[in-house]
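Chemist: When you get a sec, could you build the whole thing from the sequences and use the hints?
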Amino acid sequence: MNNVLYALLRRLRLPLITMIMVYSVSILGFVLIPGMDDQGNVYRMDFFHAFYFVSFMGSTIGFGEIPYAFTDAQRMWTLFTIYATVIAWLYGIGTILALIQEPVFGRMLRRRSFVRKVQGITEPFYLVCGYGVTGEIIVNKLAQRGIRSVVIDIDEGKIDSLEISGRLPFEAPGLCADASLPDVLDDAGLLHDKCVGVLALTNVDQVNLSVAIASKLLRPERIVISRTESDTTTANLLSFGTDLVVDPFRVYAEYLSLAAHAPYTHLVYDWLVNPYHRPLSSVYKKTKGRWIICGYGRFGSALYREFNEEHVELTVVDSNPEMDAGLPFLVRGKGTEALTLSEARVEDAVGIIAGTNNDADNLSIIMTAREMNKNLVTVVRQNVHANKLVFKNSKADFIMEPGQIIANRVLAHLKSPLLPVFIEQMQAYDDVWAHTLLNRMNSVAQEEEVDSWSVRVDEDNSPALVEMINSGVDVNLGILLKDPRDRTQSLSAFPLMLHTDDIYDILPGELDLLKPGDEILFCGKSKSLRRMEWTMNNFNTLHYLLTGNEPTGNLLSRILNRQ
Numbered sequence: 006m007n008n009v010l011y012a013l014l015r016r017l018r019l020p021l022i023t024m025i026m027v028y029s030v031s032i033l034g035f036v037l038i039p040g041m042d043d044q045g046n047v048y049r050m051d052f053f054h055a056f057y058f059v060s061f062m063g064s065t066i067g068f069g070e071i072p073y074a075f076t077d078a079q080r081m082w083t084l085f086t087i088y089a090t091v092i093a094w095l096y097g098i099g100t101i102l103a104l105i106q107e108p109v110f111g112r113m114l115r116r117r118s119f120v121r122k123v124q125g126i127t128e129p130f131y132l133v134c135g136y137g138v139t140g141e142i143i144v145n146k147l148a149q150r151g152i153r154s155v156v157i158d159i160d161e162g163k164i165d166s167l168e169i170s171g172r173l174p175f176e177a178p179g180l181c182a183d184a185s186l187p188d189v190l191d192d193a194g195l196l197h198d199k200c201v202g203v204l205a206l207t208n209v210d211q212v213n214l215s216v217a218i219a220s221k222l223l224r225p226e227r228i229v230i231s232r233t234e235s236d237t238t239t240a241n242l243l244s245f246g247t248d249l250v251v252d253p254f255r256v257y258a259e260y261l262s263l264a265a266h267a268p269y270t271h272l273v274y275d276w277l278v279n280p281y282h283r284p285l286s287s288v289y290k291k292t293k294g295r296w297i298i299c300g301y302g303r304f305g306s307a308l309y310r311e312f313n314e315e316h317v318e319l320t321v322v323d324s325n326p327e328m329d330a331g332l333p334f335l336v337r338g339k340g341t342e343a344l345t346l347s348e349a350r351v352e353d354a355v356g357i358i359a360g361t362n363n364d365a366d367n368l369s370i371i372m373t374a375r376e377m378n379k380n381l382v383t384v385v386r387q388n389v390h391a392n393k394l395v396f397k398n399s400k401a402d403f404i405m406e407p408g409q410i411i412a413n414r415v416l417a418h419l420k421s422p423l424l425p426v427f428i429e430q431m432q433a434y435d436d437v438w439a440h441t442l443l444n445r446m447n448s449v450a451q452e453e454e455v456d457s458w459s460v461r462v463d464e465d466n467s468p469a470l471v472e473m474i475n476s477g478v479d480v481n482l483g484i485l486l487k488d489p490r491d492r493t494q495s496l497s498a499f500p501l502m503l504h505t506d507d508i509y510d511i512l513p514g515e516l517d518l519l520k521p522g523d524e525i526l527f528c529g530k531s532k533s534l535r536r537m538e539w540t541m542n543n544f545n546t547l548h549y550l551l552t553g554n555e556p557t558g559n560l561l562s563r564i565l566n567r568q
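In the numbering used here, the protein residues as written are 6 to 568.
Hints are computed from structural coordinates only; laboratory data are not their basis.
Among the hints, erroneous ones may be present.
[To be verified] DSS-like cross-link-like pairs, simulated, lysine-lysine; straight-line CA separation at most 27 angstroms: (1) Lys-397 with Lys-379; (2) Lys-339 with Lys-379; (3) Lys-420 with Lys-520; (4) Lys-420 with Lys-530; (5) Lys-400 with Lys-293.
[As the list claims (entries may be wrong)] Pairwise CB distance ranges, derived in the manner of DEER restraints: (6) Gly-246 with Leu-102: 49 to 57 angstroms; (7) Tyr-11 with Glu-452: 53 to 61 angstroms; (8) Gly-294 with Met-328: 18 to 26 angstroms; (9) Glu-429 with Gly-522: 19 to 27 angstroms; (10) Arg-350 with Glu-454: 37 to 45 angstroms; (11) Ala-12 with Glu-429: 50 to 58 angstroms; (12) Glu-454 with Ser-170: 17 to 25 angstroms.
A virtual CB, placed ideally from N, CA and C, is assigned to each residue, including glycine.
Modeler: As structure tokens, then:
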């Protein structure tokens, strides 16, 4: 606020001085010039009446000559003061209008308004630095769960799109500024008591690093998530305790490698993490065999490492003459020509990955390859978000868009810290186990999106459960899966993992007894979460699900009833 007031006063300094001088001279003139009263006697106007007359005359209201009709000398002075005061007012008003129209002053006003909005937030929120593809997806998904966000982005157009989108159920304050600056982070609520996490999602690694460092130095206990596209930055971020570092190329390489050697496990992962998951029928497409990687840059090399660890046969196509020729199967070329793909033996490959940094080349690669082998599994990298419509209609089996990948990985972590743990542990099981789990997920969610969430048995999140357990009643896991509207019906969900006493129980049974401190990871339809919350928070609902009866009014009667 001080900066805004200082800028305003500094620009209005000369107009204010001019107006003060004009008014002073005008008032002094009316005091010094003699007048005549209605009796013909000489009188002099006092300072109060002079100030009164100049005030309404200078503002062009014009009540007439007071307290008596003016003499010719007074009228001559009035003519002078009329033009002088009007010019002074026009000068001052023009300066104010010019100042308001200046972009710098406008940004100062918007920043002050932004700070007031952030300071007024009374519920938990995430500070999102970067409102590109990733940031927009995350802010929208958090809003759907009733979680507020505060956004910083250096591109004014993106902040404008946030403010006028109208898709969010509540306002998400946005500021156009450099997120790497500590004062900007402070204005955005970095030290706010309700800020529960910081997401560094810009496309500049150094900015993300600065945001993560500032957050961990000022509030070490707060969750910090960052994206990166450099191994060096990744190591740096992890060295001081960043909670999650997402490298889109490495994440997608792991994701795609899973599809090549464990298709059912891959589809389970896909359904839990990707809201636009592939259908169950896609598993039956052959993925085991030799793959072709076109483009051996950061993405291609990450893919090569992951595939190679799983002993997948690979052929690399790259046109860079300086690239290491030590790869066992390397074909020189871009991959857009049929001759190059023929040399890479595309006819007997099971899949091809178009992973260059050029969208047109990538689309050309998969179109040419599909003409030569109709049964190919095609993977295409999308570099520019504006090309989304073209890639959507390319009929590729997998579309790798970094922004979407980072958003899915971050949201999986924000939904529940148990979800990444479950994904990691399920890879120890074989594909047959994953196939069984996939069928169960399919029967529960059917054609709808599979959502996942975790619930904790404690006073803050499930007071009814804790009260019932502490009173000596055995409450099993299956109670949470009953529909609170009709206990004979089940919710469209099932437990994936039970975390109790540092033990992670994969696919726990519904008869497992709950105790305070337990945390359960569920998957199913998102509407089941809202109904499950009734059970955890309302004693009457929980009593009905346990007994089939409505509860009595007092605690003693409840205990006697249970006995």
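Chemist: Hint by hint, say whether it matches the structure.
Modeler: Structure-based check of each hint:
no.: 1; hint: Lys-397 with Lys-379; verdict: holds (19 angstroms)
no.: 2; hint: Lys-339 with Lys-379; verdict: holds (20 angstroms)
no.: 3; hint: Lys-420 with Lys-520; verdict: holds (22 angstroms)
no.: 4; hint: Lys-420 with Lys-530; verdict: holds (14 angstroms)
no.: 5; hint: Lys-400 with Lys-293; verdict: holds (20 angstroms)
no.: 6; hint: Gly-246 with Leu-102: 49 to 57 angstroms; verdict: holds (51 angstroms)
no.: 7; hint: Tyr-11 with Glu-452: 53 to 61 angstroms; verdict: holds (60 angstroms)
no.: 8; hint: Gly-294 with Met-328: 18 to 26 angstroms; verdict: holds (25 angstroms)
no.: 9; hint: Glu-429 with Gly-522: 19 to 27 angstroms; verdict: holds (22 angstroms)
no.: 10; hint: Arg-350 with Glu-454: 37 to 45 angstroms; verdict: holds (39 angstroms)
no.: 11; hint: Ala-12 with Glu-429: 50 to 58 angstroms; verdict: holds (53 angstroms)
no.: 12; hint: Glu-454 with Ser-170: 17 to 25 angstroms; verdict: holds (21 angstroms)
Checked against the numbered hints above, the structure violates none of them.
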